[in-house]
Amino acid sequence: QDKPLIVYVSPNPIGVNDFLKLGKAGTEKVAAELGATAKTYESTDPTTGRQNLEAAAKEGAKVVIAISFQFDDIVPEVAAAYPDVKFLVVDSCPKTLHPNIFCSVFREYEASFLAGAEAGLTTETGKVGAIGALDIPFIHRYTDAFGEGAKHVKADVEVAPSVWVGGNNPFSDPARGQQRASVLVSDNVDRVMAAGAGSNGGIFKGMEDLPGAAAFGVDTNQCPQAPGLVMDNVEKRTDIVIEKGVAGIFKGDQPQVAALGLAEGGMTLTGIEPGVESSGCLIAKYPDVITKVKALRDDIVSGKLKVADPMQLTK
Amino acid sequence: MATVELEAIGIVKRYGPLVANDHIDLSVLRGEVHAVMGENGAGKSTLMSILYGMQPPDEGSIILRGAEMHYRSALDAIGAGMGMVHQAFKLFNSLSVWENVVYGMEPTRAGLIDRKKAAADVAALAARYRLLVDPNAIVGKLSVGVRQRVEILKALYRDARVLILDEPTAVLTPQERDGLFDVIRNLTADDRTILFVTHKLHEVMAITDRVTVLRDGRVVERMVTKETSAREIIRAMTGRAVNLKVEKGPSQPGAVVLAARGLTVGADGGKPVVDHVDLDVRAGEIVGIAGVAGNGQTELIEALTGLRIPDSGTVTLRGKPVTALDVERHRDAGLAYIPEDRATTGTALPASAADNLAMGFQRHAPLSRSGLLDGKAITAHARDLIARFGVKIGSEKLPVKTLSGGNLQKIVVARELSHTAPLLIAEQPTRGVDVGAIEFIHGQLVAERDKGRAVLLVSAELTEIMALADRILVMFDGRILAEVPAAEATEETLGLLMAGRVAEAA
Amino acid sequence: MSGSARSSFRLPRIPAVPLAVLVGVVLGALLVLVSGGDPVAAYREILIGALAPANWPNTLNWAVPLVGMTLVAAIPLRGGMVNLGGDGQLVVGGLVAALVPLYLPGPGPLLTIVAIIAAMIAAGLYASIAAWGETRFGIPMLISSLLLSYPAIGVASYIVGFPLRDTTTGLAQTVMIPDAARLPTISGPLNVGLILMMIVAIAVVFYDRRTVGGYELRMRGLNAKFAGYGGVSLGPQTVRIMFASGAIAGLVGAIIVLGSQYRFQDGALLSPGYTWSGLMAALLAGGEPLGATGAGLFFAALQTGGFAMQRETAIPRVLTMVLQAIIILFLAIRHGVGRRAS
Amino acid sequence: MMGGFITPFLINSAVQAITPILLAALAGTLCGRVGVFNMAMEGQLLVGAFAAVVGSFYTGSALGGVIVAIVATVGFSLILAYGATVFRGDSVVICIGMNLLASGLTAYLLRQMFGVSGTFSDPGIVGLEKIRIAAINTIPWIGWIFSRQTAITWLAWILTAIVTIVMFRTPLGLRLRGVGEDASAAETMGIDVTRYRVVTVLVAGALTGLGGAQLSLGTVSIFSEDMSAGRGWIAVVAVMLGRNHPLWAALACVLFGLADAFSVRLQGQGLPNQLTDVVPYVVTLIALVISHRRRRSRVSETITAHA
Ligand SMILES: Nc1ncnc2c1ncn2[C@@H]1O[C@H](COP(=O)(O)OP(=O)(O)OP(=O)(O)O)[C@@H](O)[C@H]1O
Ligand SMILES: Nc1ncnc2c1ncn2[C@@H]1O[C@H](COP(=O)(O)OP(=O)(O)OP(=O)(O)O)[C@@H](O)[C@H]1O
Ligand SMILES: [Mg+2]
Ligand SMILES: [Mg+2]
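Residue numbers (the working numbering), protein chains in the order written: chain A, 185 to 499; chain B, -8 to 497; chain C, 8 to 349; chain D, 1400 to 1706.
Quick caveat, the hints were computed from the structure, so don't treat them as lab data.
The beta-carbon is built from N, C-alpha and C at its ideal position, and this holds for glycine as well.
Some hints could be false.
[Stated by the list, open to error] Reference excerpt, derived from the structure (chain C facing chain B, CB under 8 Å, subset only):
1. Arg217
2. Tyr222
3. Met226
4. Asn230
5. Lys232
6. Tyr236
7. Gly237
Next up, chain A with everything else stripped away, as it sits in the complex (with noise of 0.2 Å):
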């Protein structure tokens, strides 16, 4: 009884994205480090978000953590009403920020940018593309800085237009990645970033039309469920940041806005963390591409190479 408690609230029914999931993982993680009990409220949009958050609070939640942008709006009037509550927002910074909020949000996009010199330095046809679940701004964190990537590495490299999965599921339509994958497939696309959440299992089987042609999945090592059609992945470590920012909110030295890229660990590739051979992920097979990327991290890191944000938000 006597143990504090951790709240993860998703803003959407868990494993939709292995984002949540892990971010799920975190928690359980590092309430087990702390001693503290762990719980998990899903939710299904901002109104039951909202119930989720007051829930939790009224429990007595000594941290709730809120995942993604859907809860930039609830979570400082929540905040506001339970200010013994600290909550922690991962991926998103709510624009008022009360003493008892934090918030943790990643660098996609120098990730992405890693996997899209991997794609320029591995195509065969000299075209690489990219698909999202939603044509919205903070997908073009992953397909944009993708493109980016490749043509770093390879100017010539042909880089085509980004398609969506969009329809009445998008980030849970693996048929229809799969048929978006067959576009850019057909026309002769071999690296193609799949940044589309459930939908990702039908972008890479989409890979098969095309001999040689492989994805890059998203936010955890994706490269067992389609073997040999996965190059590599870019990692999204919510657990490690969540891990992180709880840690530090239950010691007092967690900052409010932490931002999180290569540099802090929160975004990586599969390929250039250590276990690659084991990974089961192609890019395994390449490594000097893996020595010529992780150089590329090195000036990332190191500031030397400045990669942009193409989420241009104002302000």
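Given the coordinates of chain A, assemble chains B, C and D with the ligands onto it according to the supplied hints.
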């Protein structure tokens, strides 16, 4: 000398507390035409459906050619040599004649239907009983009389030894009816047996050998046709004497209430269904439109009432042009209308009698004021009409789906007559209604005429037209072929006109 | 044969709806048991989550849009028509409600009123397209109303994703509506939308029972041909009724946008599935508005309780969806709910 | 233009994408022909897709998955088969209830059986083999359409032909058509209308089960919540456009599939996907308007049909 073909012993059928058939005994001889008569709801259709295996009796047995039958479905009855022509035809309109006939008993070759053989078989069968039908015609495009032949062919194709005809003549011209009687004679000559359900006494007298009369689900009388009279049969059916003759004086026509000029409907697909019809109905007269069903009467009425927009021509009601207006405006301009089909058009079966009787009155005081309904007034209105028209119903709150055909028709008639609109269109007002109700409705129509209303009567029933109408228009093939003053009309001339044979009729 | 066999084994007469709920609860419990959960705990959490006084605001807050969408479905259903386009109408209403206060000048409260009225008119007109398609071309409204949702949703999504996007966020959404134009809060999550919806529900019940229009709509539902023959102009009635239905959907969209989300967010109006839940509730009552409202409240409580159950136990809240489906199927099959006069 | 814009790959993937819709539309056509209005295909496809993944995962074979999908969907279709016939329930209500049940139940079982929500993918799910016939691959068009398709796609088109022949050339088909046109007439001819309807609805269930299996095992080896994603509704529209004729319904499916492939192409031309997504639905709406234009004058008939 004659052998018994079919026997029903002690048939009982209950619908909840209602006993539709109450220990009915029926015996039909081979090769005879046997009439089953009775008022609406007497139990005729119920008995027929039991004999045809469509529903099991609660008690009693059926003996066909000496053997007791236990039908599980109509299929068993068909297999045993029963055939039935239902009052409402049971045909597939989109299919061809031969498809309708062989349906369920198709000749096949290699798993597929042998279309050639099927059509040939049907043609041969039709020729044998002199039933003129084109096996390849689409049923939906055929006239009612021909459709009935298809129904008979269906039964014969299954080698029916006993043929049940439920009100088969309701929609036929006299000539078509005579044609049917010829077919019936051909069939009985071939030792087939006919069970004949009808409300028409003169037909019973003309074609049947014996009559069984039902009342309230029981057999009240068995008669040999030759030894009885129409009057006797009516007395047996109703338990009283009914005046079949309509009492009416000469008409006193006033101003034109309804006028149609050059009315044309359905011109888009080639030949119009209603073809340049001119028509006047004056106050204080009954104009009858005679014609075989399917010659455009239905469409004409739809165009006159606003249910359908005519392709060309004009309609004026009390001098007001209403051609392209909807029913609402027609009714505002002074229309009351008894439709052909009381169950699908004239009433909402699941709705209460009160709601059914309120239709058309709902927008005006006393039933409503400034858009708000007055529940008490609606109830009072319903009770008043139920009492005035003698509708047999427990309460005005009951849904009308429980009413018998005659009583349902009274609901419609009561509502439309109480509209006191200057124009009353009555379409088949007594179809399938028993003699008691017919007498009542006819009396009402004449009374309305005498009050100075203009009445347009459409009926396939020549006796009805001749008894009621002051002027008779004969409709054939979408056109008004002729106008005959009631005094000069005979069944024969009208019949010929209805068949389009103008020259012979003249 | 089988008919008489069934009737002789008929269960003692229990009112249909409680019986259906009981069947749903029992089958749901079995499902929970089979999948290794504790049904008692599940139902306890549902009950507490929905009905404990502390949770009433949540339940009511969920009920406002759900009952609204119930009425959206119920009104046409009363006349034998089906409006499957609630999603599209909801989105049109929500979008208009968000754009009016953002892009029109004027004092806040006035903007709120204008926004609500504009949302209702826009959504009503959008719904009328399907009605017009049916009366003009004979395209079944059942399907055209559904199909018309897709363009509405797509175009709205485009508008807030591109030309009118809040460029300070990465999502497809408009900027926040100014405080002055928001619906006043009553307490907690509840806002004036609750009162608006109560007024609408009462108005619909009154219309159904006491007005000429309600009578004509009911008669049409029982036999459309009869109504047409009796002098009810079916075409204009179809358009009128669909307009009213769509307008209420627009109101629901406006209430959500102006009362709780304060901006139009792509997808946020649709993800709770109010439209289909509302349709279910309306079907449950055969379109009768008072019963439909009751059914809508019941579903709202069930769903709110479902969230609580998912928080407290490991049992997913979709269980409540299964319960709803079982209840409606039981009623449709066993008691002929929705069966139309043939 | 065709060469660059509509490529073989695109046609191939459109054919693949059409398959579940086509099977569902065939199912809807069959049901419509016997007078049962089926709009539960959305839910049936979902049940089929889920059951296929379950079957494939536990039996370790794609065929196992397909069989489980068919059995499960037929079982699920019992609700409609008996509900709308023996119990005389309203088919619209039943179908809406079935769609909700399918959505809720598959999501529930997904979590309880596999402990995941949203999407279930696992190497243990064996997908359907794509059939590669060298002879066909080289023929233009035919090769584009039919190379590297699953057996279910082949079957779907073969079944379209079979359904058409059975419907219009065999005694069975004649009876089915009769049952749908006028049940009481069929009954008087000794046809057990209820049985014909029940069996037809169940056969239709098997077809949608196949469609579901194609959705989850043919295209990808994944199940995700609500993965039918409106395809069942498109099938309902196809049935309506095809006026219960299998070939016309198939044509409507092809139209939709091509419009969809076309819309994906438009995305590549810089149009936002929110707008291109709408294209297939707008095309469908236009097709509905065109197909209904001619019947305009018969006002009273449409009112009757609607009643
Ligand atoms: N399916 C049924 N359920 C309940 N009652 C029925 C049913 N069918 C018939 N009845 C009732 O049984 C009685 C006999 O009906 P039946 O159809 O046999 O009359 P009928 O003699 O054919 O009348 P009509 O002259 O109008 O054709 C009526 O009172 C009718 O209301
Ligand atoms: N399910 C039922 N419940 C109660 N009464 C019924 C039922 N089915 C039929 N009836 C009644 O049975 C009687 C006979 O039905 P039938 O179909 O023969 O109509 P009808 O009155 O004879 O009209 P018509 O002869 O013009 O068709 C009618 O009075 C009808 O109301
Ligand atoms: Mg009868
Ligand atoms: Mg009768």
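A quick look at each hint next to the structure:
no.	hint	result
1	Arg217	holds, 6 Å
2	Tyr222	holds, 5 Å
3	Met226	holds, 6 Å
4	Asn230	holds, 4 Å
5	Lys232	holds, 5 Å
6	Tyr236	holds, 5 Å
7	Gly237	holds, 4 Å
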